[in-house]
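Trainee: Combine both chains into one complex, guided by the hints.
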Amino acid sequence: MDGQKEKKVINRLQSMYPLRNKVNETYLKSIEAIKAGKPAVWAMLNFYYGDPILKAMDIEVVYPENYGALAAAVGVAQQYLDRAIAEGFPTHLCGYSLTTIGYTARMMKDLKWQIPPEAPVGGMPKPLFLLSSAAICDARYKWFQALGRYMDVPVWPLEAPIPGIKEFSIGGYYERMVELGVKHLRDFVAFVEKMVGRKMDWDKLNKMANLMIEINRVWHEINELRKVKPCPMHSRDFWSAMPAALFLAGDLEDSLKLYQNMYQEVKERVNSHMGAIPNEKYRLVFAELPPWHSLGFFDKLAERGWNFVMESFGYHPPIPLDLSKVSDPLERITRFSLQFLVGYYEDARKHNAIGGTSAYPYLKFAKEWRCDGALLHPLISCRSASTHLPYVSNMLMEKLRVPSLTIEGDIVDLRLFNPEDALAKAEPFEEILEHYRKVRRLEGFDW
Amino acid sequence: MPDKTKGLKKAREIYLNRSQRVRELKAAGKRIIGYPCVYVPLEMLTALDLIPYRTCGNIREPVTEADKALPSSFCPLMRTCLDCALKGKNDFLDGMATIHSSDPQEKTSRVWQSYTNYSYYHFIDMPITVRPEALEYFRNQLNDFRKTLEAFTGKKLTRDKLEAAIKAHNEQRTLVRKLYELTKPSLPFISGTEIVQVVKALESLPVTDANDLLTEVISEVQDRTDKPQKKPARLLIWSSTLDDADIMQVFEAKANVVMNESCGGIRAYRGMVKLTADPLEGLANYYLNEITCARTFRQATLGETKKDYIRDLQSRFGYFKGIIQDWKINGVIMLLVRYCDPFAFEMPSLKDYLDSIGVPSTYIEYDYSLGTLAPLRIRVEAFLETLS
Chain A
1 MDGQKEKKVI
11 NRLQSMYPLR
21 NKVNETYLKS
31 IEAIKAGKPA
41 VWAMLNFYYG
51 DPILKAMDIE
61 VVYPENYGAL
71 AAAVGVAQQY
81 LDRAIAEGFP
91 THLCGYSLTT
101 IGYTARMMKD
111 LKWQIPPEAP
121 VGGMPKPLFL
131 LSSAAICDAR
141 YKWFQALGRY
151 MDVPVWPLEA
161 PIPGIKEFSI
171 GGYYERMVEL
181 GVKHLRDFVA
191 FVEKMVGRKM
201 DWDKLNKMAN
211 LMIEINRVWH
221 EINELRKVKP
231 CPMHSRDFWS
241 AMPAALFLAG
251 DLEDSLKLYQ
261 NMYQEVKERV
271 NSHMGAIPNE
281 KYRLVFAELP
291 PWHSLGFFDK
301 LAERGWNFVM
311 ESFGYHPPIP
321 LDLSKVSDPL
331 ERITRFSLQF
341 LVGYYEDARK
351 HNAIGGTSAY
361 PYLKFAKEWR
371 CDGALLHPLI
381 SCRSASTHLP
391 YVSNMLMEKL
401 RVPSLTIEGD
411 IVDLRLFNPE
421 DALAKAEPFE
431 EILEHYRKVR
441 RLEGFDW
Chain S
1 MPDKTKGLKK
11 AREIYLNRSQ
21 RVRELKAAGK
31 RIIGYPCVYV
41 PLEMLTALDL
51 IPYRTCGNIR
61 EPVTEADKAL
71 PSSFCPLMRT
81 CLDCALKGKN
91 DFLDGMATIH
101 SSDPQEKTSR
111 VWQSYTNYSY
121 YHFIDMPITV
131 RPEALEYFRN
141 QLNDFRKTLE
151 AFTGKKLTRD
161 KLEAAIKAHN
171 EQRTLVRKLY
181 ELTKPSLPFI
191 SGTEIVQVVK
201 ALESLPVTDA
211 NDLLTEVISE
221 VQDRTDKPQK
231 KPARLLIWSS
241 TLDDADIMQV
251 FEAKANVVMN
261 ESCGGIRAYR
271 GMVKLTADPL
281 EGLANYYLNE
291 ITCARTFRQA
301 TLGETKKDYI
311 RDLQSRFGYF
321 KGIIQDWKIN
331 GVIMLLVRYC
341 DPFAFEMPSL
351 KDYLDSIGVP
361 STYIEYDYSL
371 GTLAPLRIRV
381 EAFLETLS
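The listed protein sequences correspond, in order, to chains A and S.
Be aware that the first sequence starts at 1, since it is given in the numbering used here, and climbs by one per residue.
Be aware that the second sequence starts at 1, since it is given in the numbering used here, and climbs by one per residue.
Heads up, none of these hints are tricks.
Here are the simulated DSSO-like cross-link-like pairs (lysine-lysine), alpha carbons at most 30 Å apart as the crow flies: (1) K156(S) to K274(S); (2) K68(S) to K438(A); (3) K35(A) to K307(S); (4) K166(A) to K183(A); (5) K26(S) to K166(A); (6) K155(S) to K350(A); (7) K425(A) to K68(S); (8) K147(S) to K166(A); (9) K183(A) to K194(A); (10) K112(A) to K351(S); (11) K351(S) to K126(A); (12) K166(A) to K68(S).
Simulated coverage check for chain A against chain S, where a stretch passes if three residues somewhere in it have a Cβ under 8 Å from a Cβ of chain S: (13) 167 to 174; (14) 179 to 185; (15) 188 to 195; (16) 384 to 397.
No wet-lab data here; the hints were simulated from the structure.
Think of the CB as a built atom: it goes at the ideal place given N, C-alpha and C, for glycine as much as any other residue.
Bound-form chain S, shown alone (with noise of 0.2 Å):
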């Protein structure tokens, strides 16, 4: 009989069953605080004892009562998260902290808010350039962010409360860059598949249980004897949001997803946040300038007068690069959630840098849920047919 308290298994069980645990630190006593985008700041959160929890989505779940508040032409990955939450999915939550990540993500604050009643309820702004003033204008909104918090929880961020939370959440990034060194070898230790489910389960955990979970899970990986099965291909998946394991599978039934650059991903592990003599600098910079998401704007040098496209290219994309070398990659998926268009605007160049570099890539769009598994899957056969 497996151990499902322990590493995998346990994740996997997370995953399947996501708010078991901040039910019981409910119940005894905690407060929980939903975010639907890993831009909000959770160190913040963690510093002051409350514990994030990520408010997904759901594809097996038909989108009903959102239909009242989003038209059905919008993100349906923020569609079937405020329909998670208006089905009472989350009635656990005390409040939520939302970001101008993306357009979407600000327009589904407002209506989040307004059909919801928790106690509370923050929007952080945010800029869309690395700017000296748009960060400048960022700190100074995670720090309104400190003031509502401090209301809610009568309780002071202080400094060392916030670097220790800092280290705490470092310290996760770190992990999640060792499970993914995990698949470097030809025969990867852990399936993309599995590490959906392990990111999954980190977002919906205490900090300090989620390291733990990791570490268990790094080291049960690299002894186990059940290796996924080597596959032909070795793909990269860019997307907004990869973060369901069914959806994973389609893409691992006949390849090897290595990385998965998304928010489902490494994504928002890749980086880590310094510790500046002021830490909301530290966190504005990483959280604005270290997240490589399409929401930014990039240049190759700020306020250039000349345009290169290459350099242009390089700018925004470069980091694939090394990834691609490192992880020996042969393919690369840009998965497009319908009606997102920070990413869509991105495609089309970012098939250039990837034709630049010589990886063959290929653009699927799908509207995040279960019917189109189906179509999916035969736009990623005729991909890989093409790769061998």
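Looking at chain A on its own, in the form it has when it is part of the complex (with noise of 0.2 Å):
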């Protein structure tokens, strides 16, 4: 293939790259931003809770995890791990949060507040204030406190309760959350209008919220879409779109225009039958983050006839809800935050499925988009998105005879991803997925 470009097998969605080079946008953005003298601000993904405000309030923002996977794609991570080790910060915390951590450190002390030259797309800009968040993980809140070495920069901490799969249906328990959640933004509201120094423009967030809402149900559409067979968008363009709409990445009006001509587009692959990789012969769900310096894998994977229809429901839109009845802007955002998680908690009871918040969505997902089995991938630094893994493999043998390939790796460090090694798994595990094939018909299941 010498002189020639190689045609890798994904079928990219067309639609996809104005979603991606959205994240691009938001960094030069930042820079931009504070060069003007406006404030940026450094936030942890927040699931849908405290970027509307942020986004009414005019203030840009960045998300060091998603920088860390930035960082790791184009091969300058490696630097600023090395870094935060030798500023006395453990090996094995989360990958993301050694990069921001040696990234800080790197320009906070030896910068003078600079942007390291060799960050990528402009850098992040010394931040007016952190917005932390307790969803998911301990690293969360506890990485943008240790910040605190390098910068004299406000933290605010967000709450985000995590309810137990029964307890969650005691009387009054949603409403409870719900409770905490309107006055915890009230108090970050008055937090940032204090911060920035101008008050809350209501419609404006009203606006932010009803826009933020209604690109997740366009961007939820399309994966439904993604059900049919053959499937139509792979996994690899779901985490090129998925930050626009995960992380209110630019313009909301725009995103959803965007989004919206992506529906279109798939929905034009199903009626014409086309699948994102020409000879779909297995349907596999991922869980959970991808190997974000090893992308090319997937293509490898692709050659084979494996096509990712399905990943984490973590960065996966909410369950749509209507929340058009509920005037307040900051009660109706409470409420779609919290459907990202409590969305699945019913059906999660019903098939006492309760080994893990994160484990239930598998079912559904193995089930419903007729997966022939999962690729699950542990992250050595991010032990909150691999703990359940286990349970998800026994989950789906038992209860749907999907197997599960295991395959070990890391968000950011690319010395912990093995990829050969990897792709020697994917013969033999190609014999199980045809034995489970068999297994399934025999025992009922329409798949």
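Mentor: Structure (structure tokens):
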């Protein structure tokens, strides 16, 4: 293939590219904002809870988690990991956190607030404040606290209740979560107002909340279209398009149009029976985050006929919920954010899948998206995204006769992922996939 | 022949055979509720005549059964706790009360519930901040806990019963602090290893039995002639959990550990639950606000819009200064159980704080298994050499 560009097997959606570009635009806009004297904030992925407030207050937001993935993808993360470890942080901490800590130590200690020249997409400028979140793991609020060593920037930690699946059915539980959420957000608005020196524009917040909900509804519908055979959209397109909905990257009206365009393109593929790969032999669900540094790995699997049709619920939009009658935007935001997690609770309880709030959705996905198998990717430095995977593997096998392949790796540290070894496991796993297809048919499953 | 039915000997016997007493109580008709973390409000169990029993791990038991449920790169403490449960070591339990004190506790709770079949199981959610709305939410969580306990026992958790239980557990906190007073002299009355055994015994007994044991131990050691040997260094160990005598002996081979700031030491006993008009409010405030574990997000001022690192360190670690002065501590070991994120993120900042008050410190990581004792010993000896 000398002199020729190798044709990729995964047929990427054209509508994905402008959505993917939104991430880069966000970083560049944050740099411009700082230069123009506007505030920029570093935020943890907060599952639609704090973001609309920042949007309504015209604050540019960058997400160090996303930046960690980006730094890994372009190959500059390693020096930040090394720096964080030299600063005294243990090696087994979250790779994203170590990347941010190393980056911040370099920016604040070595370069006196100047963005490191090697930083991709313009880097992350010094923030006005840090918005952390208790959702998903401990790292996501302790890590911003740890940045206090390098910059005197206040931190607002967002609470994120996480009920037990059975406890959630205790009378009044959900409404108490809403009560906490609304009170907490009201205080957060007051904090942001103090930080930026102006008042909240509540009409704008209303609009931002509605756009966020609508964007995610369309995004949800796009992913529903992936249930058909062959699946018209590969996980790689999901991950590329995801930040605009999950992080609310860029202008929301523009994002809504782009997701609507994507819906049209995916729908056209459905109508014309066009799959994301030419020969869909196996349909797989992927858990959890991918090895950002080695995404070409999926092309190799696509050559073998592996189509990735679904991913972790943690990065998917909440199951749509009618919030049109909720007049207070803070309450609407709270209920929408809670839906991300508790939207699956009732089903999980019915199926007695109580082994992990992150686990049950895989059962739903494998069944409704007709998956032949699951590729589980435990992350050495992201234990919260890995802990439930043994349970997921057992649950899928016991309840659906769907086998799993486990391949260890990491989101940032490429030394922890061996793509050759992973690919060597593909062929024997295909035999297992074939076997369990027969088993499912014998046991009355319809795929 | 030493009397094994009293004081330190009794504590050691219970430490070595933790479930003996609760098995007797179970045979006598009592119901036993396991809890994996000191954040579970034991007062509520005691008030309903349930016996709390801390479900610990075992550094001598290789993890095998928990492999099917938890990945290997996960909190080794929770792995061994679950492993022991799955191997039937806690087969006397009638139920479990778990809490979202950390991510591994929350995640393990789900798995634990899924792989076991107790008559009672309750998970308490816990906020990360001490903001008023978070305290209110946590108080409501305790109220939900009350409801499920009442349904399980068929009894009402009355205010009188709860207040009596709070008083009994406060008495225990007072007694543990008295015990730690006995490590203040230059020749301590009691060793860190012995205290680990006593604290673990407390976690294996009903509160009244435990308070009697503590009273005996305090009385015994105050008069003892066989005090622990005086060593060149007086150490404070800061950790999530240090609850094993063999691990503690690694530190005490060449030093006196006069303060164990972990949930195997003084952490759960340093404060007192206030008797408030609504007892659940007092409990919520104590468990969320008073226990000094890295899991809680603390700030110099709630909702602060300006940050000052020195003030921040003071608000998070300021309590160490008094302890270090009063106990004449000349070295601190930050002992990290591998994969414990809340403590791991805290480490460089705590070191900054300890440096600022002139106390030497070191960071040592281990994985809560017998195999790590030898390398642990080498690291401890190296640190002690720098102190001398």
